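Asker: All chains should be built: construct the whole structure from the sequences, respecting the hints.
Top line first, the protein sequences correspond to chains A and B.
First residue of the first sequence? That's 1 in full-length UniProt numbering, and the numbers climb one at a time after it.
First residue of the second sequence? That's 1 in full-length UniProt numbering, and the numbers climb one at a time after it.
Hints listed in this document are in silico derivations from the structure and should not be mistaken for laboratory results.
It is possible that some hints are incorrect.
If you want a taste of the chain B side facing chain A, the calculated C-beta under 7 Å gives, among others [said to hold, decoys possible]:
#1 ALA115
#2 SER118
#3 LYS121
As a list, the in silico DSS-like pairs of lysine-lysine whose alpha-carbon atoms are at most 30 Å apart [said to hold, decoys possible]:
#4 B:LYS148 x A:LYS312
#5 B:LYS148 x A:LYS219
#6 B:LYS200 x A:LYS60
#7 B:LYS48 x A:LYS465
#8 A:LYS413 x B:LYS153
#9 A:LYS393 x A:LYS304
#10 B:LYS200 x A:LYS39
#11 A:LYS60 x A:LYS18
These figures come from a predicted structure and were not determined experimentally.
Quick reminder that beta carbons are idealized off the backbone N, C-alpha and C, glycines included.
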Amino acid sequence: MAHFAVEDLTFTYPEAKKEALSGVSISIEKGEYVTLCGKSGSGKTTLMRHLKTVLTPHGKRTGRILFDGQLLDTVSLREQSARIGYVMQDPDSQIVTDKVWHELAFGLESLGCDQKTMRLRVAEMANYFGIGTWFHRNVAELSGGQKQLLNLASIMAMQPDALILDEPTSQLDPIAAADFLNTVRKINLELGTTVILSEHRLEEVFPSADRVIVMENGKVLAEDTPRRIGQRLHAEQSDMAAALPSPMRIFYGVGSSLDCPLTVREGRRWLSEELKDTKIRQDSLPDPGETEEPEAKDAAVALKEVWFRYEKDAPDVLRGTSLSVPKGTLFAVVGGNGTGKSTMLKTVCGICRPYRGKVMIDGKRIEKYKAEELFRGNLAMLPQDPQSLFVKKTVEEDLVEMLADVPGSIGEKEELINGVARDCEVMGLLSSHPYDLSGGEQQRAALAKVLLCRPRILLLDEPTKGIDNFYKQKLAEILDRLKAKGATVLMVSHDVEFCAQYADSVSMFFDGGVVTTNTPARFFSQNSFYTTAANRMSRHMFKNAVTNGDVIELCRINKQN
Amino acid sequence: MRFDSWHPAVNFIFFGIVIASAISFDQPVFLAIGYACSFAYSVKLNGKRAVCFNLALIPLIVLFALFYSGYNHFGVTNLAVNFIGNQLTLEALVSGFVIGTRAASVLMWFSCMNAVVSSDKVVYLFGRVSPRLSLFLSILLRMVPRVKERARKIGAAQRAIGRGAGQGGLLRRMRNGMRIASIVITWTMESMIGTSDSMKSRGYTLRGRTAFSIYRFDYRDRSFVLVLFGCAAILLMGILLDQTCILYDPEIILNRITPLSGIFYAAYALLCLLPMLVQIMGERRFARQRKAGCENV
Chain A
1 MAHFAVEDLT
11 FTYPEAKKEA
21 LSGVSISIEK
31 GEYVTLCGKS
41 GSGKTTLMRH
51 LKTVLTPHGK
61 RTGRILFDGQ
71 LLDTVSLREQ
81 SARIGYVMQD
91 PDSQIVTDKV
101 WHELAFGLES
111 LGCDQKTMRL
121 RVAEMANYFG
131 IGTWFHRNVA
141 ELSGGQKQLL
151 NLASIMAMQP
161 DALILDEPTS
171 QLDPIAAADF
181 LNTVRKINLE
191 LGTTVILSEH
201 RLEEVFPSAD
211 RVIVMENGKV
221 LAEDTPRRIG
231 QRLHAEQSDM
241 AAALPSPMRI
251 FYGVGSSLDC
261 PLTVREGRRW
271 LSEELKDTKI
281 RQDSLPDPGE
291 TEEPEAKDAA
301 VALKEVWFRY
311 EKDAPDVLRG
321 TSLSVPKGTL
331 FAVVGGNGTG
341 KSTMLKTVCG
351 ICRPYRGKVM
361 IDGKRIEKYK
371 AEELFRGNLA
381 MLPQDPQSLF
391 VKKTVEEDLV
401 EMLADVPGSI
411 GEKEELINGV
421 ARDCEVMGLL
431 SSHPYDLSGG
441 EQQRAALAKV
451 LLCRPRILLL
461 DEPTKGIDNF
471 YKQKLAEILD
481 RLKAKGATVL
491 MVSHDVEFCA
501 QYADSVSMFF
511 DGGVVTTNTP
521 ARFFSQNSFY
531 TTAANRMSRH
541 MFKNAVTNGD
551 VIELCRINKQ
561 N
Chain B
1 MRFDSWHPAV
11 NFIFFGIVIA
21 SAISFDQPVF
31 LAIGYACSFA
41 YSVKLNGKRA
51 VCFNLALIPL
61 IVLFALFYSG
71 YNHFGVTNLA
81 VNFIGNQLTL
91 EALVSGFVIG
101 TRAASVLMWF
111 SCMNAVVSSD
121 KVVYLFGRVS
131 PRLSLFLSIL
141 LRMVPRVKER
151 ARKIGAAQRA
161 IGRGAGQGGL
171 LRRMRNGMRI
181 ASIVITWTME
191 SMIGTSDSMK
201 SRGYTLRGRT
211 AFSIYRFDYR
221 DRSFVLVLFG
231 CAAILLMGIL
241 LDQTCILYDP
251 EIILNRITPL
261 SGIFYAAYAL
271 LCLLPMLVQI
281 MGERRFARQR
291 KAGCENV
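Answerer: Laid out in structure tokens, this is it:
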């Protein structure tokens, strides 16, 4: 008997013209690991919320949902609470209580367990999830990754037999995300818990999923094993193909007749096999050469031995950071969590004032600028959490508000807003509430708002966090257009793949300072861990292939000869 | 070793007794004992900060006594006549001192309580009364810092595009500040929907909620309570025997201090010092054991 069976489910939100789900039929077996993917707005969340009665949205619905052969609506609340675990996107708002230990017990308290059972279960969970060291802490002190792990643990304490996870890693950095997904995998393997996961980081989940369900416009587009899904998406030239793991994309780019690889390990083996009979004549692409660091007075942004700390007695966050960003380039700074990357951006836009060293904007010290001058036509920052930028009820009002104090006629302003909205592709979102948008949409709307400052220097803090590959491409296009207009972009990011593909220079940030700066090709081909999947997959054959395109290109060149 | 590792109920009983007695005793010996003990314990717990705080209270006590005697003129022992012809009396002055010292002593006990009783202990005790009430408290304790953090984040984001609450002219600043405040409210509502979903999903609405606690009532707690109640009983006896009685108006009349009174004073002192003694004993034993352990190795 299937664990969950959805039969011909059609659902329309109140006052919506379009069906959010139309004729969805899926069946999920016990102990299966199913990944749900699709662009934002394809109905993933709506479908998942239907699998638990208390979370089911209001609206018009036909069709039925069976849980363990029983109509889901008739399964009691108590049973549903314990047996169906649901983890949501935002790690923060899901946490109810103020202490880690209390949060772990929350579900058990609801079920009315006695002290003894609760003690045991909580102890078990703390051990299994490695929470022991932060068991007594306030939840406010935890990192995003720890918070999401706590959410998972507090649900697992109720011993559910199905786990539904709605984009649980979209707000986490790549390392925490991989950690979280590994834990989910472990639960699935060791406890046999059914896992239904929606995710846009397909690189991480493809190798572990038993089955992938692709959704589009509220319909199930495809439903198959990861390998065959990849094949189908590629064959149909779907937008979703951009989200496939690098080894798969390279495989299809080269057009091989062998088996499709899913992981880097399989990718390496496949590449060796593929080029077995080919003599490698050219193992590297032409190198554009070293980037030259401009003089501080010619640079768009220059930091000269900047030192900064948040409190008088706190340790230094920036420890003699020096950096110079050439005009008209996309400059990326990569590095681990808590190394001070975001703080560096804050010193560039004057939120943090260094106690030693110089910050130069366009060759002039930042202190010499008036706030008006600095933020009108010079500098603007897109924060890590784009949501914190919105202050109005609709996107349009938010954009209009940006020009409220700027002289000019209404017509001119409207034109300006429309231009920016077109550039950022948010024309269709203007009347929505900014909080209702998906991650990628929020990012673009926030970018539009920031661009209305008409900055010549744009600062981006983790611009690719929580957005899927399809939107990343769009973001890259927008940044390209900005660059063409002469703007400089300084970006800090965890996203190695994005930086490798689109940046002009990449710097490594570590321990409060910039360690090295180079072109992406040189930078990533020198690293062996901190580098792209394409590079890790091909480094035994090629010297400086960093992006998927590089590998495909080199394969093509060598095969031709 | 510190008192906060004891069961919350024990913490509350102790502070309940000492604060109640600090408020009610105006007999100078008891008062002095209470004052000295609260002084010592707060210094033991909070170190230098407590010393500064406690010393700063002393001039306030003196000031209060002067103020009090300037407005109250009961008593028979005249000290002086002030410029409008009212008499300043010894009784009123002493009475003022006593009230000031009582207040200072209560404040010092509160500073001790602050160091020992954490929010989870309060939440736990409420949980014994009603699990829902304690959960509500816990949610509140989570909401407040979260909203603050959010306001800070939004403020920073606005500043990075030149629209912070501290940028521009006065009018602009006010407008920016209002905007930020209004969006923080919207955000709070929005995030509460997420929280309530997560609560519902984990069966919040089910009947028969229990409250989990990480505390156990041990043998150690039991023996502490026994000693505490022993002292309290002796103290109560003292109260019934009018040992704590004193008159300030019209004349200072103190019950005779007999050798038996010493027992009541000792009991009160022991009661007040109990957590501190236990802590010191624990620390001594720990040091000794570690030393012994080192020698054996």
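Asker: Does each hint hold? Answer for all of them.
Answerer: A quick look at each hint next to the structure:
1. ALA115: Hint violated; B:ALA115 Cβ to chain A Cβ min 17 Å, cut 7 Å.
2. SER118: Check failed: Cβ of B:SER118 comes no nearer than 9 Å to chain A, outside 7 Å.
3. LYS121: violated (11 Å)
4. B:LYS148 x A:LYS312: Within the cut-off at roughly 22 Å; holds.
5. B:LYS148 x A:LYS219: violated (41 Å)
6. B:LYS200 x A:LYS60: With a Cα-Cα distance of about 22 Å, the restraint between B:LYS200 and A:LYS60 holds, given a limit of 30 Å.
7. B:LYS48 x A:LYS465: violated (46 Å)
8. A:LYS413 x B:LYS153: holds (29 Å)
9. A:LYS393 x A:LYS304: violated (41 Å)
10. B:LYS200 x A:LYS39: holds (28 Å)
11. A:LYS60 x A:LYS18: holds (11 Å)
The structure is inconsistent with the numbered hints 1, 2, 3, 5, 7 and 9, although it conforms to all the rest.
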